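Protein chains in written order, with my numbering: chain A, 5 to 109; chain B, 8 to 409.
I should point out that these hints are in silico values taken from the structure, not numbers from a laboratory. If you're wondering where the values come from, they're calculated on a predicted model, not measured in any experiment. From the three backbone atoms N, C-alpha and C, an ideal C-beta is built for every residue, glycine too. Among these hints, one or two may not hold up.
[Unchecked claim] To give an idea of the interface, some chain B residues facing chain A are shown, with a C-beta separation under 8 Å as derived from the structure:
# : residue
1 : 26
2 : 75
3 : 301
4 : 325
5 : 332
6 : 375
7 : 379
8 : 380
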Amino acid sequence: MPKVTYSLPDGTVHAIDVPCGQSVMDGSVRNNLPGIVAECGGSCSCATCHVFVEEGQSFFDEPTDEERELLEFADGARPDSRLSCQLILTEDCQGVRVTVPDTNG
Amino acid sequence: MSDRVLIVGAGHAGATLAGLLRQAGHTGPVHLFGDEPELPYHRPPLSKKFAGGELEQWLRPAEFYREQDIAVHVGEHVVEIDRARRTACTASGTSHSYDHLVLATGARPRALPVPGAELAGVVSLRTLADARALRTSIAQRRPMVIIGGGYIGLEVAAVARANGVEVTVLEREDRVLARVASPHLSEILAAHHREQGTKIVTGAAVSRLDGHDGRVRAVVLKDGTTIPGESVLVGVGAVPRDELAIAAGLRCEQGIVVDAHTRTSDPHILAIGDVTRRPCQDFLVRLESIPSATEQAKQAAATILGGTPVAAEVPWFWSDQFDLKLKIAGLVPPRPATIVRGDPATGRFALFHHDGGTVTAVESANSPAEFMAGKKFIASGARVDPARLADDRVPLRDAVIA
């Protein structure tokens, strides 16, 4: 099972097993990690699951125009910003590391 | 951190708060009571995705609550609060003591006070059980009449039409979404629904529902018009479920009145979600939305745990209708001055409502950047140049007057 490492706003780091087919957001919500709010349940509507993908960006599909637009004005957006509901894990995903900003409103 | 917290209501607000308390390290007992037989679930799919396999989406799996030591009492109706003893009593007769009681009882669909409203085939939409009934009626392709052209009514109309069902929307006011959207957005959406084959009748006062063998067959208007329908959805708004609070003597004004920390008139009782009347942008308002429920869950967690108060948010919500992903932020004023960016005919547009160049609300469709920028404009009180904002060749950032 892919393991995802989450660095949280409170400075803690959590390595979590996330089943294939689930998203980086799902892994956080399932384990009650703070920082990813995920209001809309993963339908790319709310932009409250913003993360920086520090390692493993290439494992994921390119962002859609919709995701790109939501991120353009997200607080603290960077070139490695993604919405974690759109980051679906596969068997290939090894060593994914994300940082959760403290601005997921 | 060891206080005993009882949360009454296992909807989005209540369940979110339970999770937030554990996230923040609360170690005391957390009890979550819900009337419905199911674990907490996502409510937006009930009106947006009810026809397909995406209807049932749990907020968290059952194991989550065990792992997080959150006691979930489903199908348990809290019937009474004893403020002096600080206990809450359930219908099954058990009494639970609390240090903090959080009322998250939500709202219920407003009833339609006309003869025939009790006929089989007449449904309202609030719970998973309601949505399953609606799913069945769509699967059987029964012609549907929707009473009430609000967001719920229009979302259901869109799903029904997309599934080939004949749909008529009856709206009492002179436009759909009269209480919740700008006239301009009402007009655009009504046109879009009509293009998809939905009949919309405005100024329609329902007189009664006619049936046969106990099943609804038609909706009759006050002017005598009869609209045949074998399935009727009543979507005429929601009323707060504040009976418990009223009986307990808490201050209520069509909703439990709370402050920005979710405190009621009793220091040991908080209230969150659709049941509340809450401060927002200098008003006391009822906001029936997931973002407001989330926000108040955060406020309540901070109040219970003594954390930093949560900064004021820009209220917003979303709606899906056909291919339109709508996102609305701010409180839409009654008579707005409006800047249109994009082209409503293409289904990609944003309506920025402003007061002398200061944006107060944005209603957008398939325009995430405009929505996100608009939300920021509202939060910062930025002034915009209307002509530049209306020109979608000008980047959004450049529409702001420095």
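Outcome of the hint check:
1. The criterion of a C-beta within 8 Å of any C-beta in chain A is met by residue 26/B, whose closest approach is roughly 5 Å, and the hint holds.
2. About 6 Å separates the beta-carbon of residue 75/B from the nearest beta-carbon of chain A, less than 8 Å, and the hint is met.
3. Hint status for residue 301/B: holds, given a least beta-carbon distance of 5 Å to chain A, under 8 Å.
4. The closest approach between the C-beta of residue 325/B and any C-beta of chain A is roughly 5 Å, which is under the 8 Å cut-off, so the hint is satisfied.
5. Satisfaction of the interface hint for residue 332/B is found here, the shortest Cβ-Cβ separation to chain A being roughly 7 Å, below the 8 Å cut-off.
6. Given the 8 Å rule on beta carbons, the hint for residue 375/B holds: about 4 Å separates it from the nearest Cβ of chain A.
7. Hint status for residue 379/B relative to chain A: holds, with the closest Cβ pair at about 3 Å, below 8 Å.
8. Hint on residue 380/B holds. Least Cβ distance to chain A is approximately 5 Å, under the 8 Å limit.
The earlier numbered hints are all upheld by this structure, with none contradicted.
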